[in-house]
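*Asks:* The lines below spell out each chain.
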Amino acid sequence: MSKLNHFLSVKSTENPLELADLALSMKNNSGNFKDSRKGLSLCLIFFNSSLRTRLSTQKAAFNLGMDVAVFNVGEDGWQLEFDEGVVMNGNKAEHIKEAAPVIGSYFDIIGIRAFASLENKISDYQEQVLNAFVKYSGKPILNLESATTHPLQSLTDVVTILEHKKVARPKIVLSWAPHPRTLPQAVPNSFSEWVLACKFDLTIVQPKGYELSEEFTKGATISYSQEEAFEGADFIYAKNWSSYTDYGKILSSDPKWMIDREKMDRTANAFFMHCLPVRRNVIVSDEVIDSAKSIVLKQAENRQYAAQAALFKLSEME
Amino acid sequence: MSKLNHFLSVKSTENPLELADLALSMKNNSGNFKDSRKGLSLCLIFFNSSLRTRLSTQKAAFNLGMDVAVFNVGEDGWQLEFDEGVVMNGNKAEHIKEAAPVIGSYFDIIGIRAFASLENKISDYQEQVLNAFVKYSGKPILNLESATTHPLQSLTDVVTILEHKKVARPKIVLSWAPHPRTLPQAVPNSFSEWVLACKFDLTIVQPKGYELSEEFTKGATISYSQEEAFEGADFIYAKNWSSYTDYGKILSSDPKWMIDREKMDRTANAFFMHCLPVRRNVIVSDEVIDSAKSIVLKQAENRQYAAQAALFKLSEME
Amino acid sequence: MSKLNHFLSVKSTENPLELADLALSMKNNSGNFKDSRKGLSLCLIFFNSSLRTRLSTQKAAFNLGMDVAVFNVGEDGWQLEFDEGVVMNGNKAEHIKEAAPVIGSYFDIIGIRAFASLENKISDYQEQVLNAFVKYSGKPILNLESATTHPLQSLTDVVTILEHKKVARPKIVLSWAPHPRTLPQAVPNSFSEWVLACKFDLTIVQPKGYELSEEFTKGATISYSQEEAFEGADFIYAKNWSSYTDYGKILSSDPKWMIDREKMDRTANAFFMHCLPVRRNVIVSDEVIDSAKSIVLKQAENRQYAAQAALFKLSEME
Chain A
1 MSKLNHFLSV
11 KSTENPLELA
21 DLALSMKNNS
31 GNFKDSRKGL
41 SLCLIFFNSS
51 LRTRLSTQKA
61 AFNLGMDVAV
71 FNVGEDGWQL
81 EFDEGVVMNG
91 NKAEHIKEAA
101 PVIGSYFDII
111 GIRAFASLEN
121 KISDYQEQVL
131 NAFVKYSGKP
141 ILNLESATTH
151 PLQSLTDVVT
161 ILEHKKVARP
171 KIVLSWAPHP
181 RTLPQAVPNS
191 FSEWVLACKF
201 DLTIVQPKGY
211 ELSEEFTKGA
221 TISYSQEEAF
231 EGADFIYAKN
241 WSSYTDYGKI
251 LSSDPKWMID
261 REKMDRTANA
271 FFMHCLPVRR
281 NVIVSDEVID
291 SAKSIVLKQA
301 ENRQYAAQAA
311 LFKLSEME
Chain B
1 MSKLNHFLSV
11 KSTENPLELA
21 DLALSMKNNS
31 GNFKDSRKGL
41 SLCLIFFNSS
51 LRTRLSTQKA
61 AFNLGMDVAV
71 FNVGEDGWQL
81 EFDEGVVMNG
91 NKAEHIKEAA
101 PVIGSYFDII
111 GIRAFASLEN
121 KISDYQEQVL
131 NAFVKYSGKP
141 ILNLESATTH
151 PLQSLTDVVT
161 ILEHKKVARP
171 KIVLSWAPHP
181 RTLPQAVPNS
191 FSEWVLACKF
201 DLTIVQPKGY
211 ELSEEFTKGA
221 TISYSQEEAF
231 EGADFIYAKN
241 WSSYTDYGKI
251 LSSDPKWMID
261 REKMDRTANA
271 FFMHCLPVRR
281 NVIVSDEVID
291 SAKSIVLKQA
301 ENRQYAAQAA
311 LFKLSEME
Chain C
1 MSKLNHFLSV
11 KSTENPLELA
21 DLALSMKNNS
31 GNFKDSRKGL
41 SLCLIFFNSS
51 LRTRLSTQKA
61 AFNLGMDVAV
71 FNVGEDGWQL
81 EFDEGVVMNG
91 NKAEHIKEAA
101 PVIGSYFDII
111 GIRAFASLEN
121 KISDYQEQVL
131 NAFVKYSGKP
141 ILNLESATTH
151 PLQSLTDVVT
161 ILEHKKVARP
171 KIVLSWAPHP
181 RTLPQAVPNS
191 FSEWVLACKF
201 DLTIVQPKGY
211 ELSEEFTKGA
221 TISYSQEEAF
231 EGADFIYAKN
241 WSSYTDYGKI
251 LSSDPKWMID
261 REKMDRTANA
271 FFMHCLPVRR
281 NVIVSDEVID
291 SAKSIVLKQA
301 ENRQYAAQAA
311 LFKLSEME
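Chains as they are written, first to last, in our numbering: chain A, 1 to 318; chain B, 1 to 318; chain C, 1 to 318.
Treat the hints as calculated values from the structure; they're not laboratory data. Keep in mind that a hint or two might mislead.
Capping the alpha-carbon separation at 27 angstroms, the derived lysine-lysine pairs in DSSO-like fashion look like this [said to hold, decoys possible]:
| id | chain 1 | residue 1 | chain 2 | residue 2 |
| --- | --- | --- | --- | --- |
| 1 | A | Lys293 | B | Lys135 |
| 2 | A | Lys135 | C | Lys293 |
| 3 | B | Lys92 | A | Lys256 |
| 4 | C | Lys38 | A | Lys34 |
| 5 | C | Lys199 | C | Lys27 |
| 6 | A | Lys313 | C | Lys34 |
| 7 | B | Lys298 | C | Lys135 |
| 8 | C | Lys92 | B | Lys256 |
| 9 | B | Lys135 | B | Lys199 |
| 10 | C | Lys38 | B | Lys27 |
| 11 | C | Lys92 | B | Lys298 |
| 12 | C | Lys38 | B | Lys298 |
| 13 | A | Lys3 | A | Lys135 |
| 14 | B | Lys121 | B | Lys135 |
| 15 | A | Lys293 | B | Lys92 |
| 16 | A | Lys34 | B | Lys38 |
| 17 | B | Lys92 | A | Lys249 |
| 18 | C | Lys218 | C | Lys199 |
| 19 | B | Lys135 | A | Lys298 |
| 20 | C | Lys249 | A | Lys92 |
| 21 | C | Lys313 | A | Lys38 |
| 22 | C | Lys135 | B | Lys27 |
| 23 | C | Lys34 | C | Lys313 |
| 24 | A | Lys27 | A | Lys293 |
| 25 | B | Lys34 | C | Lys38 |
| 26 | A | Lys208 | A | Lys249 |
| 27 | A | Lys34 | B | Lys34 |
| 28 | A | Lys239 | B | Lys92 |
| 29 | B | Lys38 | A | Lys27 |
| 30 | C | Lys38 | B | Lys313 |
None of the values given here were measured: they were computed from a predicted structure.
All chains should be modelled from the sequences, with the hints used to inform the complete structure.
*Replies:* What follows is the structure, encoded as structure tokens:
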């Protein structure tokens, strides 16, 4: 497996299953990689809040012996301008054309969390922030969840599926579920493209109007009925997202879409997955998430090995 | 001295004086323990502001060679839900039943600062937040000041008393003093139970209505007159707290309770102590805190050795 | 070159060029100093936002093997009182007379960022905050930009000038430029005193009323015409600042003072410098900052070596 130049989406990898295998080997024998990146440094830039990503990525860097600096844009610093040719007399104190190369001149790898605006579909789906760091920083970029993808989460999800699957090609169902707030499409987009790249059998089920961009879902079975979709499923992955077509809108908050015991009973004794944080008794009932088939904590635990594998391959000598 | 499973209160220790002796030995020859916990990691979770605890605990971990991640709940992440069975459609994005085990899956020790609400006496005195981390994280918990206790401060206080006491069993007076804001009872509760566990002679003096819970003060002499209480004292420990019985209320802001030179003159040339931060000329006069008998900075300095001893015993192999 | 006791301004150094040479030698062969300060610790205290200083100083400490703790006053902790004899019953929870020695008891070097209030000229120019840490902390203080100076930036600027100058004594022009917000005089004050201490030829050009304090500019040529000042210049250093005489006021926002191509054409093919963050098309046109003669990113890159040299000399054994 060759080195990673960036880790932006599944397209950054030659073979997602190989990267998942590396993460698994690190989990099962983490000592081998211990301190293997000593002397290298990582900067984590957060435009948005984070718990799992923030802590697991720091821990992954510690495991490899890397130094880590964490920067919260807006709290620690100031707002950045991304548009070209602007007369900067408003609220934004610095242009990305300066900020990115400056950070790149200090650190060996830069992690970026920058959620979708959910207001401007074009700039969100062009990955304006992430790509500006790729373009201007001069260093490998690690996506900590961008406007349209969350590859560290998806790599974790693949690792967790590999650990639990009992058939060669499991049936995986990505199910929309209700949520009180407007959420991005990054996690479901990313889960879909990774699962499909791994050649698993993917069904996506959602209410009408919640179809994701075909850029990410081509090859998946599209369904509008949880009853039908859950039949024979090996893994149920629950997630809310806002509409892609009616961009950033909440079209439904129908509680009937919550994942409960009755729905899980239609599956082939499926595992329950979610990326966390999860709204209990809104996305999923207590009964399901607290059941023996719930592997949400395994997914979260694997985040540190996913991050460790990505950091390792991003810092490999060519 | 056996290993600590958690460090929640004096009850977590078999012998508080032995732990204080360990902290003192680390202070006097810190090199012996240097880097002895290399490869281990600590996560510090702050639900509330912190200066001394934040910095001294990081420094203690550095001394032991540990890696440290710091997380400010609310700024870096989001609000957590602690109640069971809730339909989570409000402001809280994640349940402690997920957040705690996830953090526990990354780090070897978890430090928690979570002050009293001062609104709900029952959940405060049940230590809802601290105990949820104990219950769900699966890792040793280090109390960085909880709703009802602050054992790192109390251990420091015992260390500092051991360094300064001139008689085997000094007379120690814990005195209430006025303050413009509503403060928790954690520091005085904790000081009381540690001093009593060390078999020192403790008098607590406060205005009527400010009596602390007997759970922490049983064995202390209770007084309502600073004039009487200060007679013959070897140590005066000043602190404000809000009412326990009329829970979270300020019943007095009488400036006559401030510690001044005249009151200190009644003591047996007592040392002056306070946990800091302290409101000068509200809690204590400049003259007293700036005097040669003030050991508030010694207390603060000893925080790093108290934290170092606690981290060392929490990470000891069984 | 003898050790630095503090790094507060050019006056903290015996010879600013020697310190710049040390930074350059670290840049060109950073391995020699690698981990040379292992076991030492640095605390960075931010009263104000920071990107470059925050990240470059952390990186410099990592290079030297130091442990680093970062503290945002107000977010992580609480407001500090600096005045003497105050009855502290307002918003400030702790006096610098406690906070500074406590931090000093944990860490080997303390970095402080504390901007000018721009309201109280006397306390700003007395460097109330910075000097309180010098007075009370008991440890070497590293100025991360204070009310009146920014020596890490100026040291970087000298390093960058040394790397680029083509004549022994280059003509350097510090030019005021417009800005929508009220900015301190720290960067131009500091740049002026460093450049003059290095015996370079300095011209300062600004609108009437924007003259800096002579404490910093004595020896510089003072001009009010960019046309005249830019003639024959080797380096143009652009910066906005608010009025020193009419303290903290914006007297002009005249866009004619922006640095553009036409003005740069009057120079001797000068390099363009700015400390960043910079407002594009307000301070400087895109055309100039994006030109081959712009060395703003070199300045920023050199920040880590300037910080590394300062930390190295602050922690030298006597």
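*Asks:* Tell me, in ascending order, the numbers of any earlier hints that this structure violates.
*Replies:* 9
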